[in-house]
Amino acid sequence: MWDATVNPWNRRARRPADAPVGAVELGARWYLVHPDAGVLEVRGGRTSEGMVVFATVAEPRQWFAVFRGFETPDGLYAEILGEVDPDVGQRALDRRIGGDASAADVIAGHLDVRIVREVASV
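The UniProt record's numbering puts the first residue of the sequence shown at 1, with every later residue one more than the last.
Calculated from the structure, these hints are not laboratory results.
Values in this document were obtained by computation on a predicted structure and should not be read as measured data.
Hints are supplied without guarantee of correctness; some may be wrong.
Label-pair restraints from in silico Cβ distances [as the list claims (entries may be wrong)]:
{"id": "1", "residue 1": "G99", "residue 2": "L26", "range": "17 to 23 Å"}
{"id": "2", "residue 1": "G38", "residue 2": "G109", "range": "15 to 21 Å"}
{"id": "3", "residue 1": "E83", "residue 2": "A28", "range": "17 to 23 Å"}
{"id": "4", "residue 1": "A58", "residue 2": "G99", "range": "31 to 37 Å"}
{"id": "5", "residue 1": "R29", "residue 2": "S102", "range": "31 to 37 Å"}
{"id": "6", "residue 1": "A17", "residue 2": "R117", "range": "31 to 37 Å"}
{"id": "7", "residue 1": "P73", "residue 2": "R95", "range": "29 to 35 Å"}
In this text, a Cβ means the ideal position worked out from N, Cα and C, and glycines have one as well.
Using the sequences plus the hints, can you model the full thing?
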């Protein structure tokens, strides 16, 4: 019987599992101005696909992905910010941003969110 996982030309068989967003290595400290929860201290990181994500410092962590945004002198301005489950795959989230709405669920979406480096600039 043929086993597709043994075929060296089968790209899916060789591709590693889609790591969850919750596995992203976090670094710099930021402050996310949440529309409902006020100012949240977060740590920033990037997924394996290069997407900018943030996670709250407080447990249980909330995870946010910048679906569309740009850098400003104070930090980042997220035109669309999605709160995502930490178990969502990083590649699946990238496909969601690319237009595949069924690739990954979004807990909540927010528009026009500032993410700054210093609380004084909030």
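Now for the hints, and whether the structure bears them out:
At roughly 27 Å, the beta-carbon separation of G99 and L26 lies outside the given 17 to 23 Å, and the hint is violated. The hint said 15 to 21 Å for the Cβ distance between G38 and G109, and at roughly 18 Å that hint holds. Distance hint for E83 and A28: a CB-CB separation of about 20 Å, consistent with the stated range 17 to 23 Å. A beta carbon spacing of about 33 Å between A58 and G99 agrees with the range 31 to 37 Å that was offered as a hint.
Our hint of 31 to 37 Å for R29 and S102 holds, since their Cβ atoms are close to 34 Å apart. Checked against the hint of 31 to 37 Å, the C-beta distance between A17 and R117 comes to roughly 34 Å, which is consistent with it. Remark: the range hint 29 to 35 Å for P73 to R95 is upheld by a beta-carbon distance near 32 Å.
Hint 1 from the earlier list is the only one contradicted by this structure; the remaining hints agree with it.
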